[in-house]
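Under numbering that gives the first Met the number 0, think of the first position of the sequence shown as 0, with each following residue one higher.
Wrong hints could be hidden among the right ones.
Unchecked claim - Listed below are the simulated BS3-like cross-link pairs for lysine-lysine, each with C-alpha atoms no more than 25 Å apart in a straight line:
#1 Lys5 x Lys268
#2 Lys219 x Lys271
#3 Lys219 x Lys268
#4 Lys240 x Lys86
#5 Lys197 x Lys67
#6 Lys67 x Lys196
#7 Lys5 x Lys219
#8 Lys202 x Lys67
#9 Lys86 x Lys197
#10 Lys26 x Lys268
#11 Lys240 x Lys219
#12 Lys333 x Lys268
#13 Lys5 x Lys26
#14 Lys130 x Lys213
#15 Lys187 x Lys86
Unchecked claim - Label pairs and their calculated CB-CB ranges:
#16 Val147 x Phe201: 17 to 23 Å
#17 Lys5 x Pro216: 17 to 23 Å
#18 Asn93 x Leu59: 16 to 22 Å
#19 Asn131 x Glu29: 47 to 53 Å
Treat the hints as calculated values from the structure; they're not laboratory data. Note that CB positions come from ideal geometry on N, CA and C, so glycine has one too.
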Amino acid sequence: MAAGLKGGDRVLFAAGDIFYGTINIVKGGEPGNPIVYTSYGLGPQPIITSLETITNWRSLGNGIYEAKLPNLESSLIQILEIDGIPKEIGRFPNSNEEESFLEIGSVISQNSISGPANFPNLDGAEVVIRKNNWVVDRHPITSASGNVINFESINTPYPVRQGYGYFLQNHISLLDSFGEWAYNSTLKTISVYLGAKKPETFKIKVANKDNLVKNQPYVKNITFDNLHFVGGNKSLIDIRKSGNITIQACTMEAAGENSVYIEEVPDLKINKSTLRNNMNGGLFVFYGSPRVVVTNNLFENSMPYNGMGRSSDLTGIALYIGSDSDNSLIEKIKLSIPATMGFILEVITPL
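Build the full structure now, drawing on both the sequences and the hints.
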C-alpha cells in the first residue's frame, strides 16, 4: 500500500482509535502536493503507539513484580508507563534523596571506580557517572566487588574524575520506590516495584518498538497532521536524508530519546504541536537541515530523569538546531522546565 501512494493522497486514521506499530515512509509526494497522514471523524486525536499492556506479572516478594517480554522488538527499554505516566528506571540513591549521587572515592582506571556503596551483584546494571557540570554518562557494568565497580567504555570524550558523583541504575536489587523498574536484556524480563499495590490495580505498559515513524532515504513532501504519537524506545519520529517534512497540530510524548530526530532534512516545519515527557529531548535537528521553521509549539518535561537521556553532550535539550541550519525561524515557543534540569533550550543557528 505505502509504495502505491502519490502526491495528494491522504492516509486517514479514525479519531479516537489506537493504531499499533510504525509508519514506514517509502514514497513521497510532490512540491506543493504532499502525501498527508492525518485523522478523520470526531473525537480525540488517533494514537500511533508501540505501547503494550503487560498482564503476565508474577510476584517476587517485597513489592516487586516481574513479567517476561519474549516478543520485545527493541534492544532496550526506555519507556514504562503506569496509568499514562512514564516512570523512572530504578536507581540508587533515589533521585528524590538529598544526596542523589554517590561520591567517586577513587578512579582506579577509566573503566573502574570505587565509592561508598557495596553491591556485589550488578549484572546488567549501569553506572551513571557525572563527568563534569553538564555531562552524565551511562556505562554498562561488567562486574562489581565490594565497593569497586568495573564498567564498559562508551563513545564519549569525557574522562572519569575523582570527586564527581555517580549512581547505579537498572537492576532489580535497586527497586524500592513506587514505579521504579528494571529491564534484564538477557532474560527479557521487566521488573517493577509497586509496594503494597497489585499490578492489576494499574495500567502498566511498555514500549515495544524503537520508532513510530521511519523513512527510506530521499523521500520528500510528507505531512503529519492532527496525530498523537506516544511510546517508543528511541525517537518517535526519526527522519533522515529527506526533505519538506511538515508536522502540524500533533502530540508527541513518551519517547525513549527525542520526540523528533532530524538529520539532513531541509525545509522541516513543526507547527502548533506538543512535545512532552521525552527521556532525552524534544526536537533534535542534527545537521544538514536548512530552513527549519518551528512555530507555536509547546515543549514540556524534556529529560525528566537524570540518567535516562543519552550519554555525552547535547542531552536534556528541548529544542536543538545545528549550526548549519541556515535561514531558520523559531518563534512563539512555550517551555515547561522540569525541576531536575537547569537548562532546556539550545538554539545554535543564525535566525
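Evaluation of the provided hints:
For the suggested pair Lys5 and Lys268, the alpha carbons sit about 21 Å apart, so the restraint of at most 25 Å is met. Of the supplied pair hints, the one linking Lys219 and Lys271 holds, its CA atoms being roughly 21 Å apart against a limit of 25 Å. Between Lys219 and Lys268, the direct Cα distance comes to roughly 13 Å. Compliance with the 25 Å bound is thereby established for this hinted pair. Under the criterion of a C-alpha separation no larger than 25 Å, the hint pairing Lys240 with Lys86 is inconsistent with the structure, at around 33 Å.
A threshold of 25 Å between alpha carbons decides the hint, and for Lys197 with Lys67 the separation of about 17 Å falls inside it, so the pair holds. Between Lys67 and Lys196, the direct Cα distance comes to roughly 20 Å. Compliance with the 25 Å bound is thereby established for this hinted pair. Of the pairs offered as hints, the one joining Lys5 and Lys219 holds, with about 11 Å between alpha carbons and a cut-off of 25 Å not exceeded. Between Lys202 and Lys67 the CA atoms are separated by roughly 16 Å; this keeps the pair inside 25 Å, and the hint holds.
Restraint check for Lys86 and Lys197: the C-alpha separation of about 17 Å stays at or below 25 Å, so the hint holds. Among the hinted pairs, Lys26 with Lys268 is consistent with the structure: their alpha-carbon atoms are about 19 Å apart, no more than 25 Å. Restraint check for Lys240 and Lys219: satisfied, since their Cα atoms lie roughly 9 Å apart, inside the 25 Å limit. The suggested pairing of Lys333 with Lys268 holds, with an alpha-carbon distance near 16 Å, which does not exceed 25 Å.
With a C-alpha separation of about 7 Å, the suggested pairing of Lys5 with Lys26 holds against the 25 Å cut-off. Taking the CA atoms of Lys130 and Lys213, the gap is near 33 Å; set against the 25 Å cutoff, the hint is violated. Pair hint Lys187 plus Lys86 holds up; C-alpha atoms about 19 Å apart against a cutoff of 25 Å. In this structure the supplied range 17 to 23 Å is violated for Val147 paired with Phe201, their Cβ-Cβ distance being about 38 Å.
Roughly 19 Å separates the CB atoms of Lys5 and Pro216, a value that falls within the hinted 17 to 23 Å. The given range of 16 to 22 Å is respected by Asn93 and Leu59, whose C-beta atoms sit roughly 19 Å from each other. Evaluation of the 47 to 53 Å hint for Asn131 and Glu29 yields a pass: the beta carbon distance comes to about 48 Å.
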